[in-house]
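**Student:** Same order as they appear, the protein sequences are chains A and B.
Anchor point for the first sequence: position 192 equals 193 in this note's numbering, and the numbering is continuous, going up by one each time.
Anchor point for the second sequence: position 219 equals 226 in this note's numbering, and the numbering is continuous, going up by one each time.
No wet-lab data here; the hints were simulated from the structure.
Hints are not guaranteed to be accurate.
[Said to hold, decoys possible] Computed list of lysine-lysine pairs in DSSO-like fashion (alpha-carbon distance at most 27 Å, straight line): (1) A:K140 / A:K156; (2) A:K174 / A:K7; (3) B:K69 / B:K173; (4) B:K130 / A:K156; (5) A:K162 / B:K98; (6) B:K130 / B:K173; (7) B:K189 / A:K130; (8) A:K186 / B:K98; (9) B:K19 / B:K189; (10) B:K68 / A:K162; (11) A:K130 / B:K130; (12) A:K95 / B:K98; (13) A:K156 / B:K189; (14) A:K130 / A:K162; (15) A:K140 / B:K9; (16) B:K130 / B:K69; (17) B:K68 / B:K157; (18) A:K162 / B:K69.
[Unchecked claim] Looking from chain B toward chain A, a few residues come up when the C-beta cut is under 8 Å (computed): (19) K54; (20) V57; (21) Q59; (22) Y64; (23) A220.
Since the model is a prediction, treat every value here as computed from it, not as a measurement.
Where is the CB? At the ideal position from N, CA and C, for every residue including glycine.
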Amino acid sequence: MRERSKPGTVPTLLLQCLADGSCQSLAELDAGLDADYRQIANAAYAFISRGFLERAEHGCFQLTPAGMAAAESGFVVNTRPLRTYQPHLRKRPKNNMRQRAWNAMRISVSFTIGDIVIACVRDEICAEKNLQRYFRALKAAGYLAEMPRRIGGFKRFRLIKDTGPQAPAELQKRRALIDYNLSEKGEIVSCIK
Amino acid sequence: MKNVFVETSNVKRFLSALSALEDRGATEACLVVVDGLPGLGKTTTLKHWVAQNNCIYLRAKKEWSPAWFMNELLDTLRVNPPHSFQKKYAKVLEELAVRQNNALMARRPFGLVIDEADHVSSKATILETIRDISDMIELPTVFVGMGKIKDNLSRFPQVASRVSQKVRFEKASKDDIKLLIKGRCEVPVADDLANFVLTASQGFNREVLEAIANIERFGMRSEIGSEGVTMADMAGHVIINNRHTNQDIYVPEGV
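Chain B on its own, in the form it takes in the complex:
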């Protein structure tokens, strides 16, 4: 499989939301919520964005407390955490402000990404701490979760009102599947098989990648026509494992 980052429609919507964040009206509204079902490429997209722009990435934990969150943030920033919470807070602000300034000078985006934010989306104390940090230095903060964040945040209007952009990762469309296959598969794939991948994967990127690996494995060791691997070529072969039933999905024969 080719190691290429493919800009699907979800990625484009995420990037345009970040651009829109730059032009926001209210300066304090700098929260972004990214949510969607597992396996749609949220973490891959975010990791790509964080690695490219040297942003801060934290993975929320189930039992996070404000102090634990602060310690982890300071650890990521490579600062020895002071003892008191006030000092930790001051240090975090200082460090983040310096990084944000540097990013501004280098004209690159900067932000704090909190992955698996479902864990904290119902904890008022952490949300308030993040809101304070985000407000003080107008730091773009991206919450990434699996569909519960938006509902949970509605319980905290003071936080929800600061969410200026909401990006919902949707299941891949036909074009996305074709883009993914073209970008990552080492062998050409015919349209009928691509359509079958869309049906079998139900639009989940994780399953699509699994299908690409299987198609590639098959395509590399067989003679394939000019149009690429077709459904007829792969008839009777496993293409994906069904995530709900854990059963193998075979390409139907006699199509």
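Looking at chain A on its own, in the form it has when it is part of the complex:
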């Protein structure tokens, strides 16, 4: 297995390799550069997002004027490739447990986590814990409101922001939800108060 290179090494190499303005395919770049095919593809993707690189024809990459200028100025990439988050590239969740839970929430006036578990679970394990996390995210994003009084010791909730039939999906690392009901490409709703 190839040794892990320092962040930014492969993109810098790629930039220098294409600095002559040539149009090269990924296979050619793979043969010419000391890096994995996947690393080169990732670097190319990051440069395309930045506007440094373009696909001149099918499978062939060439630097844009901005990329040429960067290469001439001796630009060194010293971080991981920057990627802009593109929600529309994310696969929409299918009829999973959270979708069924969302369906149940939409048709209930007020509910406990237990009520929703009863309505939505098929044969999932740890369903309750999963929904507890989902409820926390929904509450933080302002979709759920906790009701002031408990019943039988259980917290009760009310869905106050019913945006549509598609269940908002949790983006755990970003501490946010992505809601495909708000726009076609999906809208990010922060869970940070």
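Start from chain A and add chain B according to the hints.
**Tutor:** Same frame as chain A, now just chain B:
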């Protein structure tokens, strides 16, 4: 209490009625009437079915008019309601047909559920609107009510004749009670106490769940034998609140 959906005999009859609906003879007869006294688990069953299959659920209102019903249906379908009734009707049909097709492709059941349908069962205009929608796209429509729907619908033969399945939710049997206790109670319960729960609850699921919560509360903090919580263990403790008299029902002592 365990959060498990228990398939009682009522649930089984409801599901088999829906299966029978798929094999109906007359294509336009796609109405299902579900009725029974309050507290027998109708809404829980329907909510489970709707959530599992992503169906459309509406709760009827006392003062529903056809336009209000249409607006609410369009709102549930996440469509901005157009101004005229004709356009609303066309939009509803279009949206429901798309959803029904998608469900068909995914091989899952689809339908429109109208809860608390007693409110609309005597209103000809709404019933006719629902019948039209149901007829046009052969959409299974489930009316859920508390015992008056069947009688009320008999006043409208054109609607009543399209009811292909009628499911009456009955009071829980001894087996149902045992199934419910086994499925939802965190502590084992002896047969004698289960029988007492059946008598005290009169077969109403709502009361049975209340009894399970009380048994659980008692069982969790006491030493119980291998056969589970018995009547002797719980003697003198409240098990259920009587829904008619609002008095507590105690487990009798000296049994």
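**Student:** For each hint, tell me whether it holds in the structure or not.
**Tutor:** Hint-by-hint comparison with the structure:
no.	hint	result
1	A:K140 / A:K156	holds, 12 Å
2	A:K174 / A:K7	holds, 23 Å
3	B:K69 / B:K173	holds, 23 Å
4	B:K130 / A:K156	violated, 38 Å
5	A:K162 / B:K98	holds, 24 Å
6	B:K130 / B:K173	holds, 20 Å
7	B:K189 / A:K130	holds, 22 Å
8	A:K186 / B:K98	holds, 24 Å
9	B:K19 / B:K189	holds, 17 Å
10	B:K68 / A:K162	holds, 21 Å
11	A:K130 / B:K130	violated, 45 Å
12	A:K95 / B:K98	holds, 25 Å
13	A:K156 / B:K189	holds, 25 Å
14	A:K130 / A:K162	holds, 22 Å
15	A:K140 / B:K9	holds, 24 Å
16	B:K130 / B:K69	holds, 10 Å
17	B:K68 / B:K157	holds, 18 Å
18	A:K162 / B:K69	holds, 25 Å
19	K54	holds, 5 Å
20	V57	holds, 6 Å
21	Q59	holds, 6 Å
22	Y64	holds, 4 Å
23	A220	holds, 6 Å
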